Structures are given as C-alpha cells and as structure tokens.
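Enquirer: Each chain, written out:
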Amino acid sequence: MRLVVVRSGGIAGMTRTWSSEVSSQEAEERWLPLLQDPPAADAQKDVPDRFTYEISVGKAAVTIPEESLQGRWRELVDRARKGNGEARAPE
Amino acid sequence: MTCSAKSPTSCSIVPPYLLARIAEHPDRLAAAADAAKRTLLEQPAVVESRMQHRTAPIPGSGTALTPKLRRTVFDAGQKQDLPGIPVRTEGAPPTSDPAADEAYDGLGATYNLFSDAYGRSSVDGAGRPLHATVHYGRGYDNAFWDGNQMVLGDGDGEVFERFSKSLTVIGHELAHGVIQYTARLVYRGQAGALNESVSDVFGALVEQKFLGQSAGEASWLIGEGLFTPAVSGQGLRSMSAPGTAYDDDVLGKDPQPADMSGYVETSADNGGVHLNSGIPNRAFYLAASRLGGYAWERAGQIWYDTITEPNFPADCTFSLFAAATVTAAEKRYGAGGAESSAVQAAWKEVNVVV
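Protein chains in written order, with our numbering: chain B, 1 to 91; chain S, 1 to 354.
It is worth saying that the hints were derived from the structure and are not from the lab.
If you're wondering where the values come from, they're calculated on a predicted model, not measured in any experiment.
The C-beta atom is built at its ideal place from N, Cα and C for all residues, glycine as well.
Check each hint, because a few of them may be wrong.
Estimated spans, in silico, between C-beta atoms of each pair [stated by the list, open to error]:
| hint | chain 1 | residue 1 | chain 2 | residue 2 | range |
| --- | --- | --- | --- | --- | --- |
| 1 | S | T89 | B | E21 | 48 to 56 Å |
| 2 | B | P39 | S | P98 | 34 to 42 Å |
| 3 | S | T95 | B | G71 | 33 to 41 Å |
| 4 | S | G77 | B | G71 | 21 to 29 Å |
| 5 | S | N112 | B | E29 | 56 to 64 Å |
| 6 | B | D37 | S | S96 | 42 to 50 Å |
| 7 | S | D259 | B | G71 | 38 to 46 Å |
| 8 | B | L32 | S | G91 | 55 to 63 Å |
| 9 | S | T66 | B | G71 | 42 to 50 Å |
| 10 | B | L32 | S | G293 | 57 to 65 Å |
| 11 | B | G71 | S | R70 | 33 to 41 Å |
Pulled out of the complex, with its shape left as it was, chain B reads as follows (with noise of 0.2 Å):
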C-alpha cells in the first residue's frame, strides 16, 4: 500500500510530495488507524503561511496543518519521506 505525503504552503507556496510503499500489514496496524481519527479540522486556526500535509494511505486520505504534525503523525510523514526517495503523483 502506498503512503503519500504532499506538503503544501509555506510563503513559497511550492508543493512537495513524497511517498513510500509499505505492506498492507504496516499500513493496517500502524498508519491506517491513525487516518480514522485525524486532528479535529478547525478552519479557524489556518495559520498564514504555515505548510498544510495532505497525508493518505491507500484510499484513506486526511488533510492536516503543520501544527498537528505531532507524534504519531509525523512517524508516518518521516515513513513516507524515508521510503524510497521518489517523488510521484498521488493515485
């Protein structure tokens, strides 16, 4: 299963992406789980200029702001990063 990281925003405005393969059996007991129960959207906090991660396993995807890229969140976008060094479209 494939974990993509797209990272947004930031006053450049340039978008990165990056992305890992994992098998289905680390994805299902570490990553999937953890996309259920995103960090509570709040459009209120939107921070200027602060990045924004569109994260997604498989077909789960969540989108959240660099301020909730804590824990267990930023285990998986350091998993996606550490991956394989490519960098390709989201499916």
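Add chain S to chain B, keeping to what the hints say.
Expert: Relative to the frame of chain B, chain S by itself:
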C-alpha cells in the same frame, strides 16, 4: 495538476513532469529533504493564539503616550520554541548576527511604511510591539506570522537561504498581522488568496519605499535573493508577471496564474492561496504602473483603504474585493478620476469582473 474526483483530498498541484524531475534529482534535494525531516522530528506545539488580540486595544483618553516603534528580535537557537532568547531590543546596537539585524531593520522598514504612508502605528494601529524570531528550527524552509509575531527560518542552504534576507518577506509576514486586525480575510480559497496578495502588496511596498523606488523602477518580486545560486530563479513570486519568478530543472516553473483563465482549483495550500494570489497581485501591479510614481502613495493607499473599511467581509471573493478597491478609489480620489479608472482597468485586464 492531478486530481482524483473520488478522492478530492489527494489533489496535487504538482504536475507529473515535475514529480518525475524531482525523482531524477535526489542529490540536489537531499539536503532540503533532510532539513525538512529534522523539522518534522522537532515539531513542537505551536502557540495557538492567533485568535487572540484580534481587536486593537482602545487608547485611553487623555493619554500622553504616542504609539511608536518598539522592536524585539529573538533567537530560537535552531529550536522551535517561541519566542526564544531576546538578542536585540529597540535602540540597541547591531548584533554580529546578520539574521537578527535584518529582522530588526525589516521590522523598522515595515513600521515606517504603515506609519509614514498611512498613519498606522504597528500592526494593530495602536503601537503594538513588533516581535520577530530568527533561527527557527534547523534548516527550516519557511517564514510565517503566528498571530503574535513573525518567525523566520534559516533555509536549508541548498534551495533557500535565510528568510530574513528578503525585506519583502518580512513586510509580507507583518502585513498578515495588519490583516489580522483589519479585513481578517479567511485564509482559504479566494479570501485566502486575497490575504496572501495583500501581504505581497504591502511586502513589496515596504521594500519599494525603503529603496525609494517608483513603480517603474521596482522589481515587483517577492522573495528576491532567497534562492541559493544553485536555483534558476529570481524570487518566489513576480507581481508584474506571475508564473515567471523561477524556472528550474528541479523546482520546475513558477505555477502562479496571471489572470482568471488560469485560476487553480486545488485542495492543497488552503485552496491554492499562494497560487491564485498571482491574479490580484498583478491587478495591483497594473493599477500602480498605470498611475506611475510611488506605488505606496495612490495605489497602496487605495488597497489600504480597502482592507481597513469597517465591516469588510472576511470571506471576500476576488470580484467583491475588486469592487471594494474601485469604491475606495472613488471615495478618496473622486469618481471618474485617474485612480478609479486605473483600478478598474487593472481588474479588467486580469479578467476579474468588478
């Protein structure tokens, strides 16, 4: 852009050719990727205080205090704890740190634009102290306004230099502070792109006034000098020619649209706020160029009047904003004058219906 109708959250503004190109150049992006990874690992909770201080304090009656410039620059020491250690306060001599001194000078130049040109004291109009933090994070490729202060990263050294190098970036961040106390534009979709554009407008004007440049002499670039020599580009954005600021074999081409025909629909970047800002940016440039002289005078005054209009709609669209600028021009300079005509023509040229 690529976008799946079934899964709108997986839209990407990155075209496949760019993704392929990045994949082909892992070496040049390695440092940036490593720096960003460190940033992720160190990410602390950010002060969620943007909603505070939305309203400027009411000056006490009979007060003898005159609002004035009060700056403090902090050093985060490459950590992500705000604000960090104070390294330069108002009136103190320069430090030996270029980032701290650039931030200090940038706060001053921004204060001067708003104070001298529009009679506004600081971001809140009531002399609020201006705070900046430099050396935020390790290799942090960004600058932002967190609702209370400006925060500047050092850049990864491979794509980006330190963000304090650009006066337009400093002006841009503080302008977000001004918007927070005035139009309060929602940071999403068209209103978000207007928030970004107004920040670019005043960021550019801070630099133009500091350098004494007329509209015809100015570069109209945002973030000039931020790229390392390895990148083929002049800056982050071009207000005069959106979409032409950079064209690099790794970063690709500047994706900003120059008029409404190129408006980008995306879920990324809060709905493309840093992309679609190219459209109102160019409208400002066109209006300022048509009027000539110093852009912070008439064009800047019209934009300032627009965002400081009471009861301005926070969810403003491009069309509503355009109409508001025309109204502001007529109000200050008279209906049918050169100013309102220039503003109307500018919006027409970028295909925004007034």
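Enquirer: Indicate whether the distance between the beta carbons of G77(S) and G71(B) respects the range 21 to 29 Å.
Expert: holds (23 Å)
Enquirer: Using the C-beta atoms of T95(S) and G71(B), is the stated range 33 to 41 Å upheld?
Expert: Holds: the Cβ-Cβ distance is about 36 Å, inside 33 to 41 Å.
Enquirer: Assuming the hint says 57 to 65 Å, is it satisfied by the Cβ distance from L32(B) to G293(S) or not?
Expert: holds (60 Å)
Enquirer: Looking only at beta-carbon atoms, does the pair G71(B), R70(S) fall within the given range of 33 to 41 Å?
Expert: Once the Cβ atoms are compared, 38 Å apart, the range 33 to 41 Å for R70(S) and G71(B) holds.
Enquirer: Verify the CB-CB distance for T89(S) and E21(B) against the hinted window 48 to 56 Å.
Expert: 52 Å Cβ-Cβ, so the 48 to 56 Å window holds.
Enquirer: Should the hint that P39(B) and P98(S) are 34 to 42 Å apart at their CB atoms be regarded as holding?
Expert: About 37 Å separates the Cβ atoms of P39(B) and P98(S), which means 34 to 42 Å holds.
Enquirer: Does 38 to 46 Å hold as the CB distance between D259(S) and G71(B), or does it fail?
Expert: With Cβ atoms ~43 Å apart, the hint holds.
Enquirer: With respect to the beta-carbon atoms only, verify the hint that L32(B) and G91(S) lie 55 to 63 Å apart.
Expert: holds (56 Å)
Enquirer: Holds or violated: 42 to 50 Å for the Cβ distance of D37(B) and S96(S)?
Expert: With a Cβ separation near 48 Å, D37(B) and S96(S) satisfy 42 to 50 Å, so the hint holds.
Enquirer: Taking 42 to 50 Å as the hint, is the beta-carbon distance of T66(S) and G71(B) inside that range?
Expert: Given a distance of about 48 Å, which is inside 42 to 50 Å, the answer is holds.
Enquirer: The hint says 56 to 64 Å between N112(S) and E29(B); measuring C-beta to C-beta, is that right?
Expert: With a Cβ separation near 57 Å, N112(S) and E29(B) satisfy 56 to 64 Å, so the hint holds.
Of the numbered hints listed earlier, not one is contradicted by the structure.
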